[in-house]
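J.: As they're listed, the protein sequences go chains A, B and C. Per our numbering: the first sequence = residues 2 to 317. Per our numbering: the second sequence = residues 2 to 317. Per our numbering: the third sequence = residues 2 to 317.
Hints were generated in silico from the structure; no laboratory data involved. Since the model is a prediction, treat every value here as computed from it, not as a measurement. One or more of the hints may lead you astray.
Same chains, same names: a pair is fine if it fits in one copy or spans any two.
[Said to hold, decoys possible] Listed below are the simulated DSSO-like cross-link pairs for lysine-lysine, each with C-alpha atoms no more than 30 Å apart in a straight line:
| hint | residue 1 | residue 2 |
| --- | --- | --- |
| 1 | Lys4 | Lys237 |
| 2 | Lys133 | Lys25 |
| 3 | Lys25 | Lys4 |
| 4 | Lys317 | Lys36 |
| 5 | Lys22 | Lys36 |
| 6 | Lys317 | Lys38 |
| 7 | Lys237 | Lys90 |
| 8 | Lys22 | Lys237 |
| 9 | Lys23 | Lys36 |
| 10 | Lys133 | Lys194 |
| 11 | Lys25 | Lys36 |
| 12 | Lys90 | Lys266 |
| 13 | Lys25 | Lys38 |
| 14 | Lys38 | Lys179 |
| 15 | Lys206 | Lys90 |
| 16 | Lys38 | Lys119 |
| 17 | Lys90 | Lys36 |
| 18 | Lys3 | Lys133 |
| 19 | Lys36 | Lys311 |
| 20 | Lys23 | Lys317 |
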Amino acid sequence: MKKFTSVDDIIDLEELILSAKKIKSDPFENSELGKNKTLGLLFFNSSLRTRLSTQKASLNLGMNCIVMNLNTEGWSLEFENGTVMDGNKAEHIKEASQVISQYCDIIGIRSFPTLTDKENDEQEQVINSFVKYATIPVISLEGATEHPLQAVADALTIQEYKTKRKPKVVLTWAPHPKALPHAVPNSFVKMMKLSEYDLVIAHPKGYELNPEITKGATITDNQDEAFKNADFIYAKNWSSYNDYGKILSNDANWTVTSEKMAFTKNAKFMHCLPVRRNMIVTDEVLDSENSIVIQQANNRTFATQAILKKILEDGK
Amino acid sequence: MKKFTSVDDIIDLEELILSAKKIKSDPFENSELGKNKTLGLLFFNSSLRTRLSTQKASLNLGMNCIVMNLNTEGWSLEFENGTVMDGNKAEHIKEASQVISQYCDIIGIRSFPTLTDKENDEQEQVINSFVKYATIPVISLEGATEHPLQAVADALTIQEYKTKRKPKVVLTWAPHPKALPHAVPNSFVKMMKLSEYDLVIAHPKGYELNPEITKGATITDNQDEAFKNADFIYAKNWSSYNDYGKILSNDANWTVTSEKMAFTKNAKFMHCLPVRRNMIVTDEVLDSENSIVIQQANNRTFATQAILKKILEDGK
Amino acid sequence: MKKFTSVDDIIDLEELILSAKKIKSDPFENSELGKNKTLGLLFFNSSLRTRLSTQKASLNLGMNCIVMNLNTEGWSLEFENGTVMDGNKAEHIKEASQVISQYCDIIGIRSFPTLTDKENDEQEQVINSFVKYATIPVISLEGATEHPLQAVADALTIQEYKTKRKPKVVLTWAPHPKALPHAVPNSFVKMMKLSEYDLVIAHPKGYELNPEITKGATITDNQDEAFKNADFIYAKNWSSYNDYGKILSNDANWTVTSEKMAFTKNAKFMHCLPVRRNMIVTDEVLDSENSIVIQQANNRTFATQAILKKILEDGK
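Looking at chain A on its own, in the form it has when it is part of the complex (with noise of 0.2 Å):
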């Protein structure tokens, strides 16, 4: 694995699963696998769980972990080529990321979109040059379309805690007061496809992810009869991706409530996290012995260890 940007590096989940599961059961196994190795993670963008949860799935493989907040603590970066770089931004992405792969033995990077310029975040400007001029492995700490760690650590709990073999999954968009990415929900569709769960994606008209991601999963706008049988409701906000990052509602009405659950299966309650209580999900939904987020992102470590481990073996 020479980088892990998107659900589609995965070259086999099935391994990937299983190896995230051994990791949890022992997660200093491999103590020794990082030793003198060092893991680089750049932020662009805030972060909680997969800021200390990365640190951890490296300390646990004997790695060293520096993290660096780059706009704060670096130098503004110059994406562009041929440039005449006579404004604010002090140093070229080539320089910078040739230069921290001889410091580093793997580069983490986090940096979201800018949901105006659609055709930049895209082309995930940012991750793809750490990835074009970078000498060593490059993984997504989420990018401007992807959050494949996120995924990974999804999958897992699916897989811990399904009854079925095929699991009915319904993602729901849910209202929040601010415009967010399509990261999330675009790398989950992603690995939903490819464990081939039964996937319906619910949201009111307009939300329509990138449709080359939702391509043959079953997309409706009533909440209601998605719920419907469910095994697993992932709840997710994104902004337009059409009408690229704008808000175009917050009803109330997609607010995961108990009575929606009640048309569930028995479902288990999931999310990424942060999540705003009673705008995405209501207090009681989320405090429920069905709500898994807390699980959830525990799995955040074993799902990077097991990626950061594959790597290692791999560049021996």
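Once you've looked at the hints, dock chains B and C against the given chain A.
T.: Chains B and C in isolation, oriented as in the chain A frame:
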């Protein structure tokens, strides 16, 4: 020891101080105790001594230490229950504390008071919310009303320098240009009462500390009188408790000077640092041989290491 | 070695470069040397290479490394003596440096010049105050007037790439949109003089560096002439030293281009990075095989590791 957020959490002070002394004589003796354990330090406010000494203490025990500035690097946290989270708070303390509990083995938190909302501050909303929802031990790196790690270092320092069983210890208010919290004096008063020393608290009228905490202590507004025969002078500024968070005076007559120190019995001068020179205390006193503020700061490492060691041992 | 804040602190350059080369060939050879030792890195300014390579160097030696952004994470420091600290400075350097000395075994500090207060900058107030009051070795991570770790990496790089005993090395000024410090050119000039290379300094009139530092070097305002037969071109911008901190010109004729490089003897191109593309140097030159800026940056790790190793060994 399941938490350490107040001097009241100390069960056996004598044992604790002995442990800290032993650690000081051989800081790396227990460098295997913290193997594969992670300390998460969460800062809502500035820190120098606490940040560095707590990292050092954890490293001495062989722990991993992960540091986060929650405000700037993570998400704004909601602490109220039942709210519709449609504002700027992205994550509820319930999730945050449970999630972090899964990545770490001990959490340390620094959260200063508002000094405007007395009720909120007295409830120690931030730290107590972590204590309530976290599933691992929580230690205070200074809360709204207490700074217990400082108090342990203070007790260790007095223990080392006292020349009689029951020294006279004077906690004196001193002027400062900004409104400061009560956490340090509160914890110090509690610690001196626990140590059964001869404690005198000196401050101008209006600067009475919380009477529940100072109950039983000798209190005076005559600094000169207080200093007489003192063995230790502990200077500290705090804002008004009754007229909550207000600066009532900046009377330069309360600055600790050589003339004032001459009233004492060759007393040692203490302060938790950072200290405003020539406001709290003159250069002459601070630079004198009687000043033990640097040694006091050094003891922060060993005090914290004793607390972490106790938590790790009790958790076995 | 008790401090390393200037090229002048180097006692035996040949030995130092040999040590760095040896470390580069086996970076983990001394991974027990730093056991239970802590390096504290204190940043007052942005950093990428220095921050990451110094962490890496310390980890290679088995040290712990603690990083702090002093301005945002700690307290504002007062450097003047005798002041009444009633303003925004919360802590005096006297206490801060003594306290940090107790938590760490070596301190590294980055503190850029004001470029407005020449006298203050020349005194290296920040770094020299740490040197004065700290009780452990202090290294500069770039001060107001010197960047000695960069210069060691530069010397190592030239050592590796030179094909004759005494190569011709040209330090050339180049245009930049912002006023930059003199630290890198100062240390580079000192290092080239120490290395006894054939040094030529080229800059437009008015950009003379501190004459005490450049004394004895060949200086010209004819860049083309300077490039003739050069073996190494080291490009760097700096602001005026005489008209202190001012930008006198941004003459694009001083940008290093392929046409200019054609005057040289197939010279290697060097720069400390970050570099402004198409201001300092054209894409063509920077992306050519003669550019060794990435290898130069790589040597930061080994140069720093050699310094840290020397300090640790001398401290035994």
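J.: Evaluate Lys38 and Lys179 at a C-alpha cut-off of 30 Å and name the case that applies: within, between, both or neither.
T.: neither (39 Å within a copy, 37 Å between copies)
J.: For the identical chains here, do Lys23 and Lys36 meet the 30 Å Cα criterion within one copy, between copies, both, or neither?
T.: both (20 Å within a copy, 21 Å between copies)
J.: With identical chains, the pair Lys133 and Lys194 could be close in the same copy or across copies; at 30 Å between alpha carbons, which is it: within, between, both, or neither?
T.: Close inside one copy (28 Å), not across copies (39 Å); limit 30 Å.
J.: Can you tell me if Lys3 and Lys133 fall within 30 Å by alpha carbon in one copy, between copies, both or neither?
T.: within (12 Å within a copy, 43 Å between copies)
J.: Is it within a copy, between copies, both, or neither that the alpha carbon of Lys25 lies no farther than 30 Å from that of Lys38?
T.: both (21 Å within a copy, 15 Å between copies)
J.: Using 30 Å as the alpha carbon limit, work out where Lys22 and Lys237 are close: within a copy, between copies, both or neither.
T.: within (25 Å within a copy, 52 Å between copies)
J.: Evaluate Lys22 and Lys36 at a C-alpha cut-off of 30 Å and name the case that applies: within, between, both or neither.
T.: Classified as both: same-chain Cα gap 22 Å, cross-chain 22 Å, threshold 30 Å.
J.: Checking Lys90 and Lys266: alpha-carbon separation at most 30 Å within a copy, between copies, both or neither?
T.: The answer is neither: 53 Å in one copy and 32 Å across copies each exceed 30 Å.
J.: Is it within a copy, between copies, both, or neither that the alpha carbon of Lys206 lies no farther than 30 Å from that of Lys90?
T.: between (40 Å within a copy, 27 Å between copies)
J.: Please work out whether the CA atoms of Lys36 and Lys311 approach to 30 Å or closer within one copy, between two copies, in both situations, or in neither?
T.: both (15 Å within a copy, 24 Å between copies)
J.: Is it within, between, both, or neither for Lys25 and Lys36, if the alpha carbons may be no more than 30 Å apart?
T.: both (20 Å within a copy, 18 Å between copies)
J.: Given identical chains, is Lys25 near Lys4, meaning Cα to Cα at most 30 Å, within a copy, between copies, both, or neither?
T.: Close inside one copy (23 Å) and across copies (27 Å); limit 30 Å.
Consistency note: the structure conflicts with the earlier hints numbered 12, 14, 16, 17.
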